[in-house]
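Here the protein sequences come in this chain order: A and B. At position 238 of the first sequence (counting the first as 1) the number is 302 in the numbering used here, and the numbers step up by one without a gap. At position 136 of the second sequence (counting the first as 1) the number is 200 in the numbering used here, and the numbers step up by one without a gap.
No lab work stands behind these hints, which were simulated from the structure alone. Being a predicted model, the structure only gives us computed values, none of them experimental. Any given hint might turn out to be false.
Unchecked claim - Part of the chain A face toward chain B, derived, beta carbon under 8 Å:
1. Tyr93
2. Gly222
3. Ala225
4. Ile226
5. Leu227
6. Thr229
7. Arg233
8. Leu238
9. Asp241
10. Glu245
11. Val312
12. Arg314
13. Thr318
14. Phe409
Claimed, not checked - Below, a sample of chain A positions facing chain B; criterion: calculated Cβ distance under 8 Å:
15. Thr66
16. Lys221
17. Arg224
18. Ile230
19. Trp234
20. Glu236
21. Trp237
22. Val242
What the hints assert, rightly or not - Label pairs and their in silico Cβ distance ranges:
23. B/Gly157 x A/Glu366: 50 to 58 Å
24. B/His106 x A/Glu313: 57 to 65 Å
25. B/Arg264 x A/Glu399: 52 to 60 Å
26. A/Arg315 x B/Arg71: 25 to 33 Å
27. B/Gly352 x A/Lys154: 52 to 60 Å
28. A/Gly247 x B/Arg422: 39 to 47 Å
Using N, Cα and C, we set each Cβ at its ideal position, and we do this for glycine too.
Protein chains: 2
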Amino acid sequence: MTVQITREQLKPLAAGAAILGCGGGGDPYIGRLVAEAAIDAHGPVALVDLDDVPDDASVFPVAGMGAPTVGIEKLAATGQAVSAVQLLAKHLGRPIDYITCGEVGGGNSMVPIAVAAELGVPLINGDGMGRAFPELQMGLAPMIGVSATPMSVTDEKGNRAILETISSRWAEWLARDVTIEMGTSSTISLYPMTGEQAKRAHVRGSLSLCTLLGELVDSTRAAHGDIGAALAEELRGVRLLGGKVADVERRTQTGFARGNARIVADGGSCEELVISFQNEYLLAELDGRAVAATPDLIMLIESDTGTAITGESLRYGQRVTALAAPADARWYSPEGLELVGPEYFGYDAEPTMAGAAR
Amino acid sequence: MTVQITREQLKPLAAGAAILGCGGGGDPYIGRLVAEAAIDAHGPVALVDLDDVPDDASVFPVAGMGAPTVGIEKLAATGQAVSAVQLLAKHLGRPIDYITCGEVGGGNSMVPIAVAAELGVPLINGDGMGRAFPELQMGLAPMIGVSATPMSVTDEKGNRAILETISSRWAEWLARDVTIEMGTSSTISLYPMTGEQAKRAHVRGSLSLCTLLGELVDSTRAAHGDIGAALAEELRGVRLLGGKVADVERRTQTGFARGNARIVADGGSCEELVISFQNEYLLAELDGRAVAATPDLIMLIESDTGTAITGESLRYGQRVTALAAPADARWYSPEGLELVGPEYFGYDAEPTMAGAAR
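The following block holds chain A by itself, in its conformation from the complex (with noise of 0.2 Å):
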């Protein structure tokens, strides 16, 4: 099935890929100016189901890399996202079939549709993740055997890098270095594979859940009704705790954004859920007691509008509600814990949602 992204619906999908993002991803606002830009210049994208991508067919994903707290200064346009898909496809020798997303984001679920407008090419209805990740090598084109690289680093004045490396680790680490000197911001289009390799290595349908997940905040705050649970139930997940933010520690770090927030609970009951992250929330501890760890979801969003609070978006005296919820069912196999489970992040403890997961 092929339905059209016009303007009126990057409203919602932003709104929900922020959420989905897990406080990384890229600001929705400024990811939806790009896309709405481009839509307006270019027309609607068609957003096509994975079944009808043809298995020869050539895809490109695309997406921001860097430090989201960068990211809302250092804007990206759309151009030099266009620039990455063109590269690569042109040092593949390959032609641009299809655009998918690396990630979901607030940013990375709008960029790819920006590119796909301005190429007037199909994006494809799902992404490499389900959710966004800081490293590259965290994805399930990997778990698949798809290779990171050939892969393409560009910025906003026009420098333009090709990698070819033994290793996704190694694209990780060379692309890192290449966007911390571009300013810590820079697009990436890598993991170029083949239609069959993209019906394996997506969450499929992730970016009509992002539009359902915006509507769903909209329709329950006009309601009056409970966001935090609405959301809940709808990703199968828990409510960790309403409250307020009491203090966030962060900086930008190794081209991360990196940091912990804590928020003390609404109605006195003293207690204290604490958040680390690295661009994305990545542990909640609740009084000392990991609740949440990755590949769990760990979403926040004001308590009142249901709008996502991403890691760089976190203030003191926010009211907010904090949520965990299952992740892909691929992310708690032992390929996608040893990719992305607690361990790699230096965290002593466990996932709590694999049980719901699907």
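Using the hints provided, position chain B relative to the given structure of chain A.
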């Protein structure tokens, strides 16, 4: 005129190149082993004069990049250098008609010989500087408007990068980051140019000059003559000091070997020469007064043997002779001084050898 570089000619060529490398450009012993192995496997290399290179020929410079302190431990193989040139040629869609030296140096005059041998293409008798300099925007090519990029960067593990940048300074920044991540030593191919450009972007005959210097050292030593005086005369330079290395301060930092060496004069005069280096020797101060400064050639040899002393081989107690000589006259132009003059490196000094340059 085309001559052949045979195995036997590598020894004086490498010895002379290490002298003209001004402390940088890589180790002549390791460089020679690499070139010997390639000539043993593939036969001698044709060394051609620039006058014999067609204007529309496709010329590829190749060089090592990084800190020589690392280069003597993490050895570059011919394979990664060949890979650098082939990757760039493929990216440009151009044939590899000629190989040339990005700079003169114990390693950087040898690696291109090995590449030319393995690829079976001729080598140009010349180089892009007439000496070695530490950063890749420092060459005659950018002065005539040849772009540093597209360029390639490769390592011994099999990682490869292509960079396309908006300036040669950006090429330096990005390639330096990639090189540091690769282990602070890489091989690069850059400033791809036509034969017509090569004629304007080269110091002509510099490989022949290296051989001549190496032979001069041998013959002067055999005759128990003054090697330093002989070299100074040949290079239209001066003997700054003969003495003993009293102190070496050296650190591998931001991808370079940086530091300075203190040399105390023989004969009880108590004169002290301090030489500062960033890979290459860039400033020589005699009792606090600058007696030579970049782009002047500042060279150190073992007083007895005439063997070049590179920055990474400087040791306490070595008996050395320090020499200064004029660089190619183009380095003393306003454009040349902007690229490589003392001010760029933060030295409050003037070059002293410009008068003898040609």
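Cut-off 8 Å, beta-carbon criterion: hint that A/Trp234 touches chain B: 5 Å, holds
Status of the hint placing A/Val242 at chain B (closest C-beta pair under 8 Å): 6 Å, holds
Interface restraint verdict for A/Ile230 against chain B (beta-carbon cut-off 8 Å): Since the shortest Cβ distance to chain B is 5 Å, the answer is holds.
Satisfaction of the hinted span 52 to 60 Å by the C-beta atoms belonging to B/Arg264 and A/Glu399: Holds, at about 56 Å.
Closest C-beta approach of A/Asp241 to chain B relative to 8 Å, hint status: 4 Å, holds
Hint validity - A/Trp237 Cβ closer than 8 Å to any chain B Cβ: 5 Å, holds
Hint check: 8 Å Cβ-Cβ cutoff, A/Leu227 to chain B: Nearest chain B Cβ about 5 Å off; hint holds.
Interface hint status, A/Ala225 versus chain B (Cβ within 8 Å): 5 Å, holds
Proposed interface contact between A/Leu238 and chain B, which counts if any beta carbon pair is under 8 Å: For A/Leu238, the interface hint holds, since the closest Cβ of chain B sits about 6 Å away, which is under 8 Å.
Satisfaction of the A/Tyr93 interface hint, Cβ to chain B closer than 8 Å: For A/Tyr93, the interface hint is violated, since the closest Cβ of chain B sits about 29 Å away, which is over 8 Å.
57 to 65 Å as the expected CB spacing between A/Glu313 and B/His106, which holds or is violated: 60 Å, holds
Interface hint outcome for A/Phe409 [beta carbon to chain B under 8 Å]: 21 Å, violated
Figure legend: structure checked against the earlier numbered hints; hints not met, in rising order: 1, 7, 11, 12, 13, 14, 15, 20 and 26.
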